[in-house]
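Trainee: One letter stands for each residue in the lines below.
Protein chains: 2
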Amino acid sequence: MDNSYVLAGDVGGTNLRIAAVSESGSVLRQVTGATPKTGTSADVIDLIARLAQSCIDADDTGLRPLSFGLALAALINFREGTVLSSPNLPQLNDLALSEVLSERLQVNVVLENDATAAAVGEYWLGSSKHSENSVFVTLGTGVGGGLILDGRVYRGIDGTAGEIGHICVEPDGHACGCGSRGCVEQYASATAVVRIVREILANGGVSSLAGKTTFSSKDVYDAAASGDIVSREVFKTMGRYLGIALSDLVDVLNPELIVIGGGAAGAWDLFIDHVRSEIDARAFRHPAARVKLARASLGESAGFLGAARAALDSLKEPVRGSAM
Amino acid sequence: MDNSYVLAGDVGGTNLRIAAVSESGSVLRQVTGATPKTGTSADVIDLIARLAQSCIDADDTGLRPLSFGLALAALINFREGTVLSSPNLPQLNDLALSEVLSERLQVNVVLENDATAAAVGEYWLGSSKHSENSVFVTLGTGVGGGLILDGRVYRGIDGTAGEIGHICVEPDGHACGCGSRGCVEQYASATAVVRIVREILANGGVSSLAGKTTFSSKDVYDAAASGDIVSREVFKTMGRYLGIALSDLVDVLNPELIVIGGGAAGAWDLFIDHVRSEIDARAFRHPAARVKLARASLGESAGFLGAARAALDSLKEPVRGSAM
Chain A
106 MDNSYVLAGD
116 VGGTNLRIAA
126 VSESGSVLRQ
136 VTGATPKTGT
146 SADVIDLIAR
156 LAQSCIDADD
166 TGLRPLSFGL
176 ALAALINFRE
186 GTVLSSPNLP
196 QLNDLALSEV
206 LSERLQVNVV
216 LENDATAAAV
226 GEYWLGSSKH
236 SENSVFVTLG
246 TGVGGGLILD
256 GRVYRGIDGT
266 AGEIGHICVE
276 PDGHACGCGS
286 RGCVEQYASA
296 TAVVRIVREI
306 LANGGVSSLA
316 GKTTFSSKDV
326 YDAAASGDIV
336 SREVFKTMGR
346 YLGIALSDLV
356 DVLNPELIVI
366 GGGAAGAWDL
376 FIDHVRSEID
386 ARAFRHPAAR
396 VKLARASLGE
406 SAGFLGAARA
416 ALDSLKEPVR
426 GSAM
Chain B
106 MDNSYVLAGD
116 VGGTNLRIAA
126 VSESGSVLRQ
136 VTGATPKTGT
146 SADVIDLIAR
156 LAQSCIDADD
166 TGLRPLSFGL
176 ALAALINFRE
186 GTVLSSPNLP
196 QLNDLALSEV
206 LSERLQVNVV
216 LENDATAAAV
226 GEYWLGSSKH
236 SENSVFVTLG
246 TGVGGGLILD
256 GRVYRGIDGT
266 AGEIGHICVE
276 PDGHACGCGS
286 RGCVEQYASA
296 TAVVRIVREI
306 LANGGVSSLA
316 GKTTFSSKDV
326 YDAAASGDIV
336 SREVFKTMGR
346 YLGIALSDLV
356 DVLNPELIVI
366 GGGAAGAWDL
376 FIDHVRSEID
386 ARAFRHPAAR
396 VKLARASLGE
406 SAGFLGAARA
416 ALDSLKEPVR
426 GSAM
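Protein chains in written order, with the numbering used here: chain A, 106 to 429; chain B, 106 to 429.
Keep in mind the hints are simulated off the structure, nothing from the lab. Some clues are possibly wrong.
Repeated chains share a single entry, so a pair holds when one copy, or any two copies, can fit it.
Listed next, the in silico DSBU-like pairs over lysine-lysine satisfying Cα-Cα at most 35 Å (straight line) [said to hold, decoys possible]:
id : residue 1 : residue 2
1  : Lys234    : Lys421
2  : Lys421    : Lys397
3  : Lys317    : Lys397
4  : Lys421    : Lys323
Looking at chain A on its own, in the form it has when it is part of the complex (with noise of 0.2 Å):
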């Protein structure tokens, strides 16, 4: 029996975890942690690097792992394995990471954004493994994006690529924490949905919200399906621009499908006939008709399995600048 596995982890905006998966793609055990909000990069490498080896160590076999691939919510730069830019944990910015983990853990470690990682998930395990061509969008905190173009995970020169959430949908729109204004991001993600609600209750909207100092987007959810107006016509906002962000890569990229996941993406009966008049509407007829529109399947693990794919496949096609 192959014993064989490799690490994927997942460093969220909450919970870091790690888990040894099967080639086959089936966890054989994981260990969680919380992500660490303050303290240095050697802080969050060493809690990851511990969390990491845990997992190695519990092989009864003794089995070192063949890889690790590791998502984070940060712009990476894939082949050299570096930090680019993360907005929850800025202390890892410019790090060399892969390097960094691969000495301390004396294995190979592939770096991955989580929406790319997720991506890759969905198309090895889940909504999009049979579609050659996909765009994958998660609706979380902000909204992230992969690519999946002619069977592979596309990730650009540098592997930046897939920033779907920084589509700009309105040119003077909403400041972004990009530094460029309305990006779809700040219409489609949990964040924004709660924004705009809290934009039309100030200008004096009417909505069982009113009375509430505190709510998420799920409560937003709860509102308008319980016929409030006001939170039903913001999930009308938020589908219309996400339509408007996807139309262009319909009409870019001539997808089969396109996954949605993330939190958001719960509200899915109230938003997404917005999502699809609009893209009906704005894209060419031909590509228009031909994607589809499905919910993403693995929930919060497409990225740790996502990242895992990623290890995997760096096995086959060493990623250039990988320590080992």
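Following the hints, position chain B against chain A.
Mentor: Quick look at chain B alone, frame taken from chain A:
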């Protein structure tokens, strides 16, 4: 000596050109005709076939072409070899043009969108020769585009990919022929430049172009070069909107190079700084710093040279659905 050749054609809005091209990209001989403005699909097919046949007959040694690549200003189903939507020659819509021409000429025929063909041409012999990841944009009557991703032309699931001209830059903007609103084509094409000047003049704008009943984008360029403020502002608007669309692509595709061609690219010095500053302001810092902007180098030959390359490639990797 190897005398083998492919046929390559480019059906433009005005001219129709067919050439015999060697495997190294030399144009051995070519014939041109006027693109028919009226007539049935049979008339258009007849003209293409006659020009192609004359290119075949002109071979002294009686050698047959290896393949025939034909670029058209149309949405193409590359794999099936059908014309999906041809704004200039609507009589070709829904026609299995590849099959019809294959039977008539007894040679394998590959159809390609003209801007995608130009992207391939520039990658084979022009400005993007050394870039594995590049975006090609052509600024003419409309705005077309083509993608070279990871060293290969990217066509999408059916072959309609690359429609960069229909990236939305103003969600409620100027109506576009494609059915959408605010496409970058409505702000950055040669046609758009003239329209925007007209709009400004209609609103009482003071310009040296005010007295003219008809003028071209070249006239607007000349006026701007002579200090006409309105004309200079129009190229600023053009550069801004083109920059917004290209920023989307920098974030989504992380290209090494963006090649800009087409007639309106002649106004390069008047718009390119605005394009660059928009990319620097909007796209992520790393991919923005990485991407170079360059002018196309093959001019009007890019399309049929790219069609020749597609014809050559089809010999190694047969296109599903092509008739022979």
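Trainee: Now look at each hint and say whether the structure bears it out.
Mentor: Consistency of the hints with the structure:
no.: 1; hint: Lys234 - Lys421; verdict: both (20 Å within a copy, 27 Å between copies)
no.: 2; hint: Lys421 - Lys397; verdict: both (31 Å within a copy, 31 Å between copies)
no.: 3; hint: Lys317 - Lys397; verdict: neither (38 Å within a copy, 49 Å between copies)
no.: 4; hint: Lys421 - Lys323; verdict: neither (42 Å within a copy, 53 Å between copies)
Checked against the numbered hints above, the structure violates hints 3, 4; every other hint is satisfied.
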